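*Asks:* When you get a sec, could you build the whole thing from the sequences and use the hints?
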Amino acid sequence: MKTYHGVSPGGRRRSGSQIGASEEAAEMAGASRSRRRSQIAVTRPGRRSRSHIGASEEDEGLVRPGRRRRSQVGASEDRRRRRRRRTSPEAPVPLPGDGDTPRNGGRCPPAPCESLPLDMLWEILLLLPPQPSSRLLASLVSRRWRGLATDPNFVRQFQARRRSWKPPLLGFFERRRKIVFNQDILYPPDRVPAERIHIPFGMASRGFEVLGCRGGRVLALHRVFRQLIVFAPITGEQRYFAVPAEFGQPSILYGAVLCAAGEQDHVHGHCHCSPFKVVLVSHKRDHQPQACVFSSETDTWSNIISTKYPCELHGDSVPATLIGNALYWLLSCNAIFWFDLDMQSLAVIMGPPGMNESGNYRIIKPEDGADGLAIAIFLFPNLQIWQRVVNSQGIATWFLRKTVEMHSTLGIPHQIRRKVWQDKVLGYDEDNDVIILYVDDSAYMLELKQMQSRKLNGTRSMKQCHPFTSFYPPDIAI
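Per numbering that gives the first Met the number 0, the very first residue in the sequence shown carries number 0; after that it's consecutive.
If you're looking for bench data, these hints aren't it; they were derived computationally from the structure. Quantities reported herein were computed from a predicted structural model and do not represent experimental measurements. Any given hint might turn out to be false.
Stated by the list, open to error - Mimicking EDC-like on lysine to aspartate or glutamate, the simulated pairs with C-alpha atoms at most 20 Å apart in a straight line are:
| no. | residue 1 | residue 2 |
| --- | --- | --- |
| 1 | 401 | 367 |
| 2 | 454 | 404 |
| 3 | 307 | 367 |
| 4 | 401 | 439 |
| 5 | 276 | 429 |
| 6 | 276 | 430 |
| 7 | 307 | 285 |
| 8 | 165 | 422 |
| 9 | 423 | 446 |
| 10 | 165 | 366 |
| 11 | 454 | 189 |
| 12 | 462 | 422 |
| 13 | 165 | 194 |
| 14 | 423 | 439 |
| 15 | 177 | 194 |
| 16 | 462 | 189 |
| 17 | 165 | 446 |
| 18 | 448 | 370 |
| 19 | 307 | 296 |
| 20 | 283 | 311 |
| 21 | 276 | 296 |
| 22 | 364 | 446 |
| 23 | 283 | 236 |
| 24 | 165 | 367 |
| 25 | 177 | 150 |
| 26 | 276 | 236 |
| 27 | 423 | 440 |
Stated by the list, open to error - Here are the in silico distance ranges between beta carbons for each label pair:
| no. | residue 1 | residue 2 | range |
| --- | --- | --- | --- |
| 28 | 369 | 206 | 37 to 43 Å |
| 29 | 412 | 296 | 50 to 56 Å |
| 30 | 244 | 371 | 33 to 39 Å |
The beta-carbon is built from N, C-alpha and C at its ideal position, and this holds for glycine as well.
*Replies:* The following block contains the structure:
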């Protein structure tokens, strides 16, 4: 449809004033619509910017809870936490390393043990047991504890307390293809590392055999070269000397090493640098026993000491047991070899009934420190303890002190299939009164006083062992 100026599509003609008024009204309506849109865009909450919202709300003094800043939230939580700690009487004290360290540079209160007086803490640390890790673990508590545990005056006083202690059992020596040390008796961290045990290089030879251990030292014999060696596994000290020529070429030798220190303040079990003695026992061709004593101070052997009572030594070297001031060895003829260290004399005494050549018995110390000696006879499932007493007339008798059933003590079921010929006594620790038994390809360590046992690892096919006891030197323990 064609339109003409001033003519509407309907055919009616409009005047010029009407046309101008309509155009002005249209312009005013468009302007009002644009203003309304801008006002809506400004006043709509969802379209406001964060800076505009924060500025307007701060000017009005209002802050919505959901729009608070993180710094404001953290400050309010700190205030509430401090308020709860002040008002709660049972609030736990935060410990270092718990992840709840006080803010604003606050410090945790000291532990109760750190607030003890120095002299009281000193006395407490002196009560530590003689295990190798005692002072080491105490030194890890804090710097204050480490300063006490390593103080030279404390170390000397700690060593002086050892007079009333017994040296701990660190392990035992046994012979496989060579002389080895088994330290599985102790659990970590008391277990002495294998690299800390110094065994002479020559001990790897098959000719060496351990004769005994005592006072932190080991006595060994090379049967081919007739040479003796005394060494300290903890410090590495070694001493070689030859068998006395007066002994000739005996096929069997018994021996024992013991400390020769005479100081009153000397502590046995820490004898690594003190003088020592070696007692060597053999028998002549007519089976008469003879003994000789070596002194490290003079580096000489004593005269031969002998007795006329004939006896026969075991084929395997049996360790001696030190009771009082006398050494005792078991013989193969139901007898006991006795050497008095004070009198430098020999004697042979008869054992209790039931002793045989099977190796199922061992000389032990009497209970409760009684005089005389005792013998443990192991006939599975029973362990018999015999004790020897001497009356006022000098007559000695043996009596059965007690019999202990071993199934429950060792924890061995009754239904186990056993090999009787393997039941034997492997060794005895005279310091701690511990005996080592062998049953069904396993060794058990038995404390005779408490009758508590523990099965040892890596002890299959063992024939004999020599328990090794010693205090650990203080300069090595920490």
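*Asks:* Tell me, which hint numbers fail for this structure?
*Replies:* Numbers 3, 4, 8, 13, 16, 19, 23 and 25 - these are the hints that the structure violates, sorted from lowest upward.
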